[in-house]
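*Asks:* Could you build the full structure based on these sequences and the hints that come with them?
To convert, count from 1 in the sequence shown and add 2; that's my numbering.
Some hints here could point you the wrong way.
In silico DMTMM-like links for lysine to aspartate or glutamate, alpha-carbon gap of 20 Å or less [what the hints assert, rightly or not]:
1) 18 <-> 66
2) 61 <-> 15
3) 64 <-> 15
So the derived label-pair ranges between C-beta atoms look like this [to be verified]:
4) 95 <-> 25: 48 to 54 Å
5) 79 <-> 45: 26 to 32 Å
6) 34 <-> 12: 30 to 36 Å
7) 48 <-> 20: 17 to 23 Å
Calculated from the structure, these hints are not laboratory results. Using N, Cα and C, we set each Cβ at its ideal position, and we do this for glycine too.
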Amino acid sequence: MSATTEEKQYQLDGLKWLVVALLIAGAVYGNYHFSEESLLYRVVALIVVAVAIAFIAAKTQKGDSFISLLRGAYTEARRVVWPSRQERNQTTLMVVVVVFVMSLILWGLDSLFGWLASMVIG
Numbered sequence: 003m004s005a006t007t008e009e010k011q012y013q014l015d016g017l018k019w020l021v022v023a024l025l026i027a028g029a030v031y032g033n034y035h036f037s038e039e040s041l042l043y044r045v046v047a048l049i050v051v052a053v054a055i056a057f058i059a060a061k062t063q064k065g066d067s068f069i070s071l072l073r074g075a076y077t078e079a080r081r082v083v084w085p086s087r088q089e090r091n092q093t094t095l096m097v098v099v100v101v102f103v104m105s106l107i108l109w110g111l112d113s114l115f116g117w118l119a120s121m122v123i124g
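*Replies:* And the structure:
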C-alpha cells in the first residue's frame, strides 16, 4: 500500500477520535440525565453506544493496529500446545507441595528469630 493511499485512508483519524470522545461524554451524560429510567434501558443504550464507539475506533489507524494485534494473539494462542489433564494436575500438586514446604520453612525461621529476639530483649 502506498503512502498516499494510507494517508487518505487515515486522514480523518482526528475527527473519528473526536466523535468517539463525544460519544463517551454523551453516554456518561445520558446515563446521569436518565437516572430515573429503568436500568435495563440505560444498559441497552450504553451497549449500543459502546458498539458504535468500537466500530468508529476500529476504523482508525490505531484501531486497525489493535485488531491486527488481536488476530495475531488469537493465532498464537491456537498454536500453543496445552498440557494434558494429567500434566496439569501433577504440576499443580507440585506447586502446592512446594508452597507448603516453603511456608513451613518460613514459619520455622520466623519462630527461631522471634525466640532469639525475645532472648536478646529479655
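*Asks:* Does 17 to 23 Å hold as the CB distance between residue 48 and residue 20, or does it fail?
*Replies:* holds, 20 Å
*Asks:* Using the Cβ atoms, figure out if residue 95 sits within 48 to 54 Å of residue 25.
*Replies:* holds, 50 Å
*Asks:* Should the hint that residue 34 and residue 12 are 30 to 36 Å apart at their CB atoms be regarded as holding?
*Replies:* holds, 33 Å
*Asks:* Are the Cα atoms of residue 64 and residue 15 separated by 20 Å or less?
*Replies:* holds, 9 Å
*Asks:* Tell me if the straight-line CA distance from residue 61 to residue 15 falls inside 20 Å.
*Replies:* Roughly 8 Å between the alpha carbons, so the hint for residue 61 and residue 15 holds.
*Asks:* For residue 18 and residue 66, compute the direct alpha-carbon distance and say whether it is at most 20 Å.
*Replies:* OK: residue 18 and residue 66 at ~13 Å, within 20 Å.
*Asks:* Go ahead and decide if the range 26 to 32 Å is satisfied by the Cβ distance of residue 79 to residue 45.
*Replies:* The hinted range 26 to 32 Å holds for residue 79 and residue 45, with Cβ atoms some 30 Å apart.
Violated hints: none; the structure is consistent with every hint.
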